[in-house]
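> Spelled out, the chains give:
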Amino acid sequence: MAKYIAKRLGMAVVTIWLVATLTFFLMNLVPGGPFLSEKAVSPKALEALEAKYGLDKPLHEQYITYMKDALHGDFGDSLKQRGRTVSSIITSKFPVSAKIGGLAVLVAFFVGVPLGCVSALHRGKVTDNIIIVIATCGIAVPSFVICTLLMYTLGVKLGWLPTLGLGTWKHYIMPIIALAFYPTAYITRLMRSSMLDVLGQDYMRTSKAKGLSQFVCLFKHALRNAILPVVTYLGPLLAYTVSGSFIVEKIFSIPGLGREFISSITNRDYTVIMGTTIFLATLMVLMNVVVDIVYKLVDPRIKLK
Amino acid sequence: MSDYLVSIEHERLSFFTPAGEVKALNDVTFHIKEGEVLGIVGESGSGKSVTAYSLMGLTAHPGKLLGGTLDFNGHRINDMTEKEMRKIRGKEVSIIFQDPMTSLNPVYTIGNQIREVLKLHTDKSKAEIQARAVELLELVGINEPQKRLKQYPHELSGGMRQRIMIAIALACEPKLLIADEPTTALDVTIQAQILELMMELKDKLGMAIMMITHDLGVVASMCDHIAVMYAGNIVEYGTTDDIFYRPKHEYTKGLIRSIPRMDSKEHERLVPIEGTPVDMLNPPKGCPFASRCDKCMKICLREKAPVMHFSDVHYSSCWMNQKAELEGGNK
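Protein sequences, first through last, are from chains A and B. 229 is the number that the numbering used here gives to position 229 of the first sequence; each next residue is one higher, with no gaps. 259 is the number that the numbering used here gives to position 259 of the second sequence; each next residue is one higher, with no gaps.
Be a bit skeptical, because a hint or two may be false.
[Unchecked claim] With a straight-line cut-off of 25 Å between C-alpha atoms, the simulated PhoX-like cross-links for lysine-lysine are:
(1) A/157 to A/170
(2) A/220 to B/119
(3) B/83 to A/220
(4) B/124 to A/220
(5) A/220 to B/126
(6) B/147 to A/296
(7) A/220 to B/91
(8) A/303 to B/147
(9) B/23 to A/220
(10) A/125 to B/91
(11) B/202 to B/124
(12) B/304 to A/220
(13) B/119 to A/125
(14) A/305 to B/150
(15) A/220 to B/202
[Said to hold, decoys possible] Every beta carbon over 12 Å from chain B, so not counted as near; a handful from chain A, in silico:
(16) 211
(17) 223
(18) 228
(19) 278
(20) 290
These are calculated hints, taken from the structure and not from any lab test. Here the structure is a predicted model, which is why all the values come from computation and not from measurement. By construction, the Cβ of each residue, glycine as well, lies at the ideal position given by its N, Cα and C atoms.
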């Protein structure tokens with residue numbers, strides 16, 4: 001096990017390096033630059049700025065410098081947010097996104113799994129149809145529509161919840177619902193199909209033939225087998241969701257990492273692009289290792305090599 | 001009547017599918033005494049397994065019992081609730097399935113899956129249950145039982161897993177063991193071992209066995225009585241000798257012609273039964289076997305043959321017998 005984890009972490013380093021390298025060169029291929037969008041920058045000032053951040057040097061030199069610094073934990077200063085380092089942006093913004101995202105994933109898991117089970121057990125009946133329709137909507141409707149609808153109904157019309165910012169616990173409800181909507185729908189569908197598959201397995205017939213109650217058949221024998229695809233999905237989902245959603249954060253005015261991620265790209269804030277991408281890649285790779293380990297715990301047939 | 005352990009009378013069962021009503025069982029009647037081995041033979045879809053599952057109250061979803069009575073060990077299965085059925089499943093009647101590779105839950109240890117039945121149906125303490133689990137594995141001929149209990153199904157071979165299934169089935173010493181093609185998925189050498197084990201355990205524990213198979217060799221060596229099923233009907237019923245030496249139904253005769261014999265001459269060909277099984281959505285009006293029978297007469301297509309008894313236990317429904325009787329009477 002320890003050997004396996006060490007191996008996976010070694011591979012993770014390679015993956016992250018590849019992601020960083022690709023991002024670095026692709027980002028520089030895109031026309032434009034951090035200081036071009038601002039009006040009335042004199043050529044002299046521009047030159048001075050580029051010299052200050054080392055952007056005047058050849059690309060490969062910039063790459064080597066960046067990688068060296070990154071290895072020492074220095075991800076540089078933001079090119080646009082004067083006086084802020086990339087690390088400080090991530091450490092201040094990530095907790096906000098992680099809190100909302102983490103809660104949203106929890107909601108998605110604890111709502112999606114039971115809904116999927118109920119749906120599978122009532123296959124073809126009214127309950128199943130209702131759940132399927134809602135789940136399909138959840139997958140099809142984009143999050144900005146859900147955000148707006150939530151704001152309009154719960155916030156404006158009913159006045160139950162505050163619409164902007166993050167003050168009290170009430171502020172968290174709408175963003176969490178908005179973030180959890182898609183994954184809940186996805187997990188419901190995933191759980192339904194895998195549960196249907198498991199319910200048709202021979203060992204379910206065996207468990208019934210033993211005289212076990214439906215409750216035990218379902219919770220002991222079916223659930224543990226059926227939940228595997230959900231576990232697989234949960235890893236990347238968690239990585240994505242805790243790193244923040246641009247749309248949800250933008251609409252609800254939440255100071256999270258998701259906004260940083262997108263605006264850094266439109267601003268060509270090179271160092272922030274690199275920092276957030278590496279951060280997301282690391283999170284993703286780690287989550288996948290965690291998923292594999294959880295997988296092994298749930299299903300003894302799986303061998304970690 | 002009451003001296004039978006299992007008594008199924010005129011059972012009719014259909015599956016209501018979107019395509020229509022599939023008449024899986026049409027008037028099935030048979031009995032099993034305590035400690036007796038009944039073989040049910042027939043091709044796929046003839047209703048063998050459906051009969052067995054209905055006896056355990058395990059009929060799958062669109063299936064519905066339409067008529068007849070099912071009695072088992074003093075219980076009237078028709079009238080029992082699901083809750084009452086659960087009390088006898090795994091305790092008074094157990095089943096082993098065709099494919100041992102998929103019949104055990106892959107995510108739990110063997111021990112967990114054996115102890116589960118004991119916990120459910122007995123008041124034994126934890127230590128007693130553990131001891132019983134070990135004893136059961138020894139009973140079904142598994143070496144190093146302590147170690148096996150901690151293993152997962154995927155760590156064992158097919159034959160071993162079927163032994164485990166038998167151990168689970170026998171955990172509470174049932175009165176009836178239903179074996180639904182228990183050897184079909186196993187190697188030939190393992191098949192023989194498993195059958196031998198079942199017979200040995202039957203003698204030791206005195207349970208009755210309902211042996212569902214399409215392998216006539218299996219029934220010949222094991223069964224006291226044989227029921228031959230075709231398209232949801234029992235077309236012939238009798239002792240093993242009756243079926244093999246005095247078959248009365250054309251389908252039974254066909255089955256016996258289609259198996260290789262030790263004493264056959266060289267280059268002698270096996271005679272297959274031509275044609276395909278009947279469409280159970282639109283079963284024919286007359287004898288279900290008529291379309292494949294080479295002795296088919298006009299009446300076979302029009303009407304079902306009445307049951308004719310040849311002895312107390314040997315009966316069949318085939319117009320050929322009626323004809324033979326009439327011709328015999330005319331002489």
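> For each hint, tell me whether it holds in the structure or not.
Now the hints, each set against the structure:
1. A/157 to A/170: 16 Å, holds
2. A/220 to B/119: Holds, because 14 Å separates the two Cα atoms, which is no more than 25 Å.
3. B/83 to A/220: Holds, at about 18 Å.
4. B/124 to A/220: 21 Å, holds
5. A/220 to B/126: 19 Å, holds
6. B/147 to A/296: 21 Å, holds
7. A/220 to B/91: 20 Å, holds
8. A/303 to B/147: Holds, at about 20 Å.
9. B/23 to A/220: Answer violated: residue 23 of chain B to residue 220 of chain A is near 35 Å, above 25 Å.
10. A/125 to B/91: The given pair, whose Cα atoms are some 33 Å apart, is violated under the 25 Å limit.
11. B/202 to B/124: 24 Å, holds
12. B/304 to A/220: 48 Å, violated
13. B/119 to A/125: Between residue 119 of chain B and residue 125 of chain A the Cα gap is close to 35 Å, so the pair fails against 25 Å, i.e. violated.
14. A/305 to B/150: 22 Å, holds
15. A/220 to B/202: 31 Å, violated
16. 211: 4 Å, violated
17. 223: Residue 223 of chain A not clear of chain B: closest Cβ-Cβ about 10 Å, inside 12 Å.
18. 228: 9 Å, violated
19. 278: Non-interface label on residue 278 of chain A holds, nearest chain B Cβ at 37 Å vs cutoff 12 Å.
20. 290: 19 Å, holds
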